[in-house]
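**Student:** Bring the two chains, given one by one in their own frames, into a single complex with the hints.
Protein chains in written order, with my numbering: chain A, 1 to 449; chain B, 1 to 181.
No lab work stands behind these hints, which were simulated from the structure alone. Mixed in with the good hints, there may be bad ones.
Claimed, not checked - If you want the footprint, here are the derived chain B segments under chain A, 3+ residues with CB under 8 Å:
| no. | stretch |
| --- | --- |
| 1 | 113 to 123 |
| 2 | 136 to 148 |
| 3 | 153 to 159 |
Unchecked claim - No more than 25 Å apart at the CA atoms, straight line, and that leaves these computed lysine-lysine pairs for BS3-like:
| no. | chain 1 | residue 1 | chain 2 | residue 2 |
| --- | --- | --- | --- | --- |
| 4 | B | Lys-154 | A | Lys-140 |
| 5 | B | Lys-154 | A | Lys-23 |
| 6 | B | Lys-154 | A | Lys-261 |
| 7 | A | Lys-399 | B | Lys-154 |
| 8 | B | Lys-181 | A | Lys-57 |
| 9 | A | Lys-320 | A | Lys-370 |
Unchecked claim - Some chain B residues judged to face chain A by a derived CB distance under 8 Å, without partners named:
| no. | residue |
| --- | --- |
| 10 | His-39 |
| 11 | Leu-41 |
| 12 | His-43 |
| 13 | Ala-49 |
| 14 | Ser-92 |
| 15 | Ile-94 |
| 16 | Arg-96 |
Here the structure is a predicted model, which means the values were calculated and not measured. Every residue gets a Cβ at the ideal spot worked out from N, C-alpha and C, and that includes glycine.
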Amino acid sequence: MSDYAQIEKELLVRPLTARINAKLPVDIASYEATGGYRAIRQAIKELSPADVQTRVKDSNLRGRGGAGFPTGVKWGLVPMGPDAGSKYLVCNADEMEPNTFKDRLLMEDAPHQLIEGMLVAAYAIQATAGYIFLRGEYVKSAQRLNAALAEARAAGLLGDNILGSGWSFTLIVHTGAGRYICGEETALINSLEGRRANPRAKPPFPQIAGAWGRPTVVNNVESLSNLAHIINNGADWFKGLSQGKSKDGGTKLYGASGRVKRGGIYELPIGTTAREILEEHAGGMRDGYTLKCWLPGGASTDFLMPEHLDLAMDFDTIAKAGSRMGTGLILALDQTHNMVSAVRNLEEFFARESCGWCTPCRDGLPWSVKMLRALEEGRGSAEDIVQLQKLTRLLGPGKTFCAHAPGAMEPLQSALKFFRSEFEAGIAQTPAPAAAGAPATGAASAKVA
Amino acid sequence: MTDTVIKDTVIKLADLVGQPAAKAEPFVLSDAEKHEIEHELTHFPDGRAASIEALKIVQKHRGWVPDGALEPVAQLIGITAAELEGVATFYSQIYRKPVGRHVVKVCDSITCFLVGFDEIKAALEQQLGIGFGQTTADGRFTLLPICCIGACDKGPALMVDDDLHYDLTPQNLATVLEAYK
Numbered sequence: 001m002s003d004y005a006q007i008e009k010e011l012l013v014r015p016l017t018a019r020i021n022a023k024l025p026v027d028i029a030s031y032e033a034t035g036g037y038r039a040i041r042q043a044i045k046e047l048s049p050a051d052v053q054t055r056v057k058d059s060n061l062r063g064r065g066g067a068g069f070p071t072g073v074k075w076g077l078v079p080m081g082p083d084a085g086s087k088y089l090v091c092n093a094d095e096m097e098p099n100t101f102k103d104r105l106l107m108e109d110a111p112h113q114l115i116e117g118m119l120v121a122a123y124a125i126q127a128t129a130g131y132i133f134l135r136g137e138y139v140k141s142a143q144r145l146n147a148a149l150a151e152a153r154a155a156g157l158l159g160d161n162i163l164g165s166g167w168s169f170t171l172i173v174h175t176g177a178g179r180y181i182c183g184e185e186t187a188l189i190n191s192l193e194g195r196r197a198n199p200r201a202k203p204p205f206p207q208i209a210g211a212w213g214r215p216t217v218v219n220n221v222e223s224l225s226n227l228a229h230i231i232n233n234g235a236d237w238f239k240g241l242s243q244g245k246s247k248d249g250g251t252k253l254y255g256a257s258g259r260v261k262r263g264g265i266y267e268l269p270i271g272t273t274a275r276e277i278l279e280e281h282a283g284g285m286r287d288g289y290t291l292k293c294w295l296p297g298g299a300s301t302d303f304l305m306p307e308h309l310d311l312a313m314d315f316d317t318i319a320k321a322g323s324r325m326g327t328g329l330i331l332a333l334d335q336t337h338n339m340v341s342a343v344r345n346l347e348e349f350f351a352r353e354s355c356g357w358c359t360p361c362r363d364g365l366p367w368s369v370k371m372l373r374a375l376e377e378g379r380g381s382a383e384d385i386v387q388l389q390k391l392t393r394l395l396g397p398g399k400t401f402c403a404h405a406p407g408a409m410e411p412l413q414s415a416l417k418f419f420r421s422e423f424e425a426g427i428a429q430t431p432a433p434a435a436a437g438a439p440a441t442g443a444a445s446a447k448v449a
Numbered sequence: 001m002t003d004t005v006i007k008d009t010v011i012k013l014a015d016l017v018g019q020p021a022a023k024a025e026p027f028v029l030s031d032a033e034k035h036e037i038e039h040e041l042t043h044f045p046d047g048r049a050a051s052i053e054a055l056k057i058v059q060k061h062r063g064w065v066p067d068g069a070l071e072p073v074a075q076l077i078g079i080t081a082a083e084l085e086g087v088a089t090f091y092s093q094i095y096r097k098p099v100g101r102h103v104v105k106v107c108d109s110i111t112c113f114l115v116g117f118d119e120i121k122a123a124l125e126q127q128l129g130i131g132f133g134q135t136t137a138d139g140r141f142t143l144l145p146i147c148c149i150g151a152c153d154k155g156p157a158l159m160v161d162d163d164l165h166y167d168l169t170p171q172n173l174a175t176v177l178e179a180y181k
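For reference, chain B alone in the conformation it holds in the complex (with noise of 0.2 Å):
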């Protein structure tokens, strides 16, 4: 390896610093997002306690966390960047990818499997062409599983953004699902 090699590289790279990443989109905080989030922050002793919330007030707002959200929340509650997105990838209601406008989250957990959860996402998957962690073409559902949501009395169960739908049936579906556009 020559000096002069050594030297391109060094030039090479002093000319990227600086240069944005070619697919990183700018991202921005809301008024609304951050006034949410400082709010957060009065409840507990310590920023890093409103991480979770915080997230949860960005998908609240764009339907997930995109990664540079990750940055600017991160310093509005004292932490890194990457302690942040340690816990945005723990906890699974935390999206790290685009969903639907309406998320199915179906019970797959022992009492709902074992009174018809089967027979719930094949219909499920037959009515919306999709499988467990995609999105329909026109961006309407994103499906995935859940586990047990307390309905366990009334399984087959799923909910449907907030909602919770029960006694399901794979003839049920159509209209539980045709309330939400």
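With the rest of the complex left out, here is chain A (with noise of 0.2 Å):
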């Protein structure tokens, strides 16, 4: 018993992963014995869904998807009262942004944080369903999931008429099958209701009307494993879990990979230093490595360099900066690496996953492909440097349907900032002087070492 009044404590530290620190198993049994459904039972039994929507908004606590929009806040929309109908809550799990591995870890390792999460949002908005939108690859997810919410409903935690409140909510995981947009909040909607996953046009906003018609709202996973925590201890406490280290309030889990000592997830108090990130918690760069550069938070945000380490990593710090923090887990790059051929990497994986709908992404991807393949290969002309940077404006914000190409641009505008001579040594050599007169074919062909 001693184990789970330390395992208690330490909740009021690391919320999010004390259970998982302690290798508590993930069944039911052992969640309620560490404080496990308080959260819920309390809120049914003394809030009222305003209630806990005003606690959420007070605690500030931020989408923790990558956009940074306040959960609270997102909630507000949704029409209220006895005539409102169906609602939907739905989980954003469909974790494909490259390099983000946090949510696979909260699905596994605490499947019923995630489910009680998704039962104080549903309350606090009255919604009638739930679905954990679930990438068909999280396998793993999927069944400690399923388990997890087959104990729920035999609890009475889920169904009809939940603990006696006259409330009814059901809730299943829905898996995909692949397609990163399926993480845009509306192209996710249309991939729920069976549709090819285009993203829709706002407004009106889900929160009006998403899923079928109907008022929906969609949080991402690790959002919504913090809302038992903020019920359970109160909206100053989650404020001051950042210790002063950002306005915003909560811890993150952070993470780190590329060539680091100790890759992996580390839940800190949110605006922690990325050097601390990368330097402490996974160990620094491994031997004969050096940093050169960095993306904060997944394909979709801007590099960011050496001396941008010791900014602290939270949503408008990180944004001041000019780039994003997006969903905060850190990838190294070192010395080994070129730039140009990471962001050909970065720019193929956003023209492949484009859904096509729209003119600018689906055509300008590939072509800001092919000029960095070319670059990469060493048979690049200035032109193509010139018209990769336009293209960070033609894809830009404003420019296309959703944020899927203006996501692809940020770590090329970026690379073309800060490591502009790597693109420029892809140009091909033009032939020398004397022999202005050969035909170019030969300088096609030229390789720049």
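**Tutor:** This is the structure:
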């Protein structure tokens, strides 16, 4: 029992991973023994849906899927009242942002924490049904979540008239069949409805007209996993978790990968510096490797340099430095990596994953790959670099239907800014002046070391 | 053009009506497939929502989704075959061509790319004798690229069917593949 008391103490510091770090079994008994399902029981008994919304709004929990939109504010648009009809809560568990592996941990090793979080959210907006939109490749997550859902149903925490409250809520796991674009909120809703995952126009916002035309809230796994803790301990406790490192509240699942010594996920106060994450928690770069630059939180964020390491990893600070915190999982690039190759790989990913709905994205991304490949293979031209620079504008915010192409431009524009010489090195050598009259074909095959 | 020619043409077309297309294979959903798809329908307010799961059910039983499956599945969930085909061709994990007994899906996203994807790809191509999008002659493996599979701290990574494998090297690949007969 003292083990449980220890875990409950630890939950006040590292709410998301205290149970995981203690290697607590993932079953409902262990979860409840450490305070699990206390929040939803209390909410149903003592709090109105409006109270829950207020508490979450006050906590200033910002969406952990990458955009950082305040969760409570997002809920605030949902029509409430006895005549509001069917409403849906969807968990965005379509974790496919390259270099993101945090939601997998929360689903595999803390499924009940997510389910309770969804119950809290569903109660707050009075949702009638919920879906965990899980990528099909996360097989173990699906198994763990389905087992946990069965336990929760058996305990009367899901289904009709939950805990005698008169409120009914069903929750199932829906697994996808690939395609990164399904993580975009409105594309996800189309996919949930069994359609091609093209994004939808906003407005209307999903909170007004989402799945099947009904009010729908889509929240990320990590955002939802925080909710039971906020109900248990209050908005002020949550704000205090950042220990003054950020004006945002809470902890954040940060991560590190690339050639670091100890890659992984670390739950730390939001606003922890990138240096602390990389040097202390990830143990720094492996011997023989030095940090060249880093992506703060996924493929769709701008590269930052070693001189940015002392920045607080929160949404506003990283945005001010010209990037985005995104998912908060740092990818370290080292001196062996060529930036043209890295960006070519990134743009190939975005080109392949474009849904094809709007022309700039569908045609512009493959075009960028073509030019990047030419530069990578030393047969590019100066015009390619000019054109790539133009694309960062033409595929930028406001020019496309959704955020896919603008996201794709972030690593490209920052690589062009910080590492222009590597792009220029890919320009085919022009023939020496003496041979100016020679056919240009010879130049095309020239390789640049 | 004369009336005779037109008449001949009409007769020839009329002869073809009701004839099966030369290569169409008869397709019948099994009871198990039907039962599983019907169960999926209970989860959503609208039959269309079961489309992806229905395609995955057919794929689970047959390895891939043949053209012939579209009409009966579409009927079962209440949409047109054309709409279902639109869905089937959109999602990368629905296979529209036969695949091998095991599908090897290699993560080619940025993190794996930076820590050794090219070497893994070359080793796989060499050991299996095929490239991406191809199936070995003995029908054992199909090789495909896949988006980030969330094992970035342990890359390079790949999946064989539903199993995740990570910390791969060109040397340990053979051991990984050995388990799949």
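**Student:** Look at each hint and say if it fits the structure.
**Tutor:** So, going through the hints one by one against the coordinates:
1. 113 to 123: Answer holds; 3 residues pass the 8 Å Cβ test.
2. 136 to 148: Coverage by chain A holds here, the residue count being 3 at a Cβ distance below 8 Å.
3. 153 to 159: holds (count 4)
4. Lys-154(B) / Lys-140(A): holds, 17 Å
5. Lys-154(B) / Lys-23(A): holds, 20 Å
6. Lys-154(B) / Lys-261(A): Distance of about 11 Å is within 25 Å: holds.
7. Lys-399(A) / Lys-154(B): violated, 37 Å
8. Lys-181(B) / Lys-57(A): Violated - the C-alpha atoms of Lys-57(A) and Lys-181(B) are around 54 Å apart, more than 25 Å.
9. Lys-320(A) / Lys-370(A): Given that 25 Å is the threshold and the Cα spacing comes to 32 Å, the pair is violated.
10. His-39: violated, 12 Å
11. Leu-41: violated, 11 Å
12. His-43: holds, 6 Å
13. Ala-49: holds, 4 Å
14. Ser-92: Since chain A brings a Cβ to about 4 Å from Ser-92(B), closer than 8 Å, the hint holds.
15. Ile-94: holds, 5 Å
16. Arg-96: violated, 12 Å
Hints 7, 8, 9, 10, 11 and 16, counting from the list given before, are not met by this structure.
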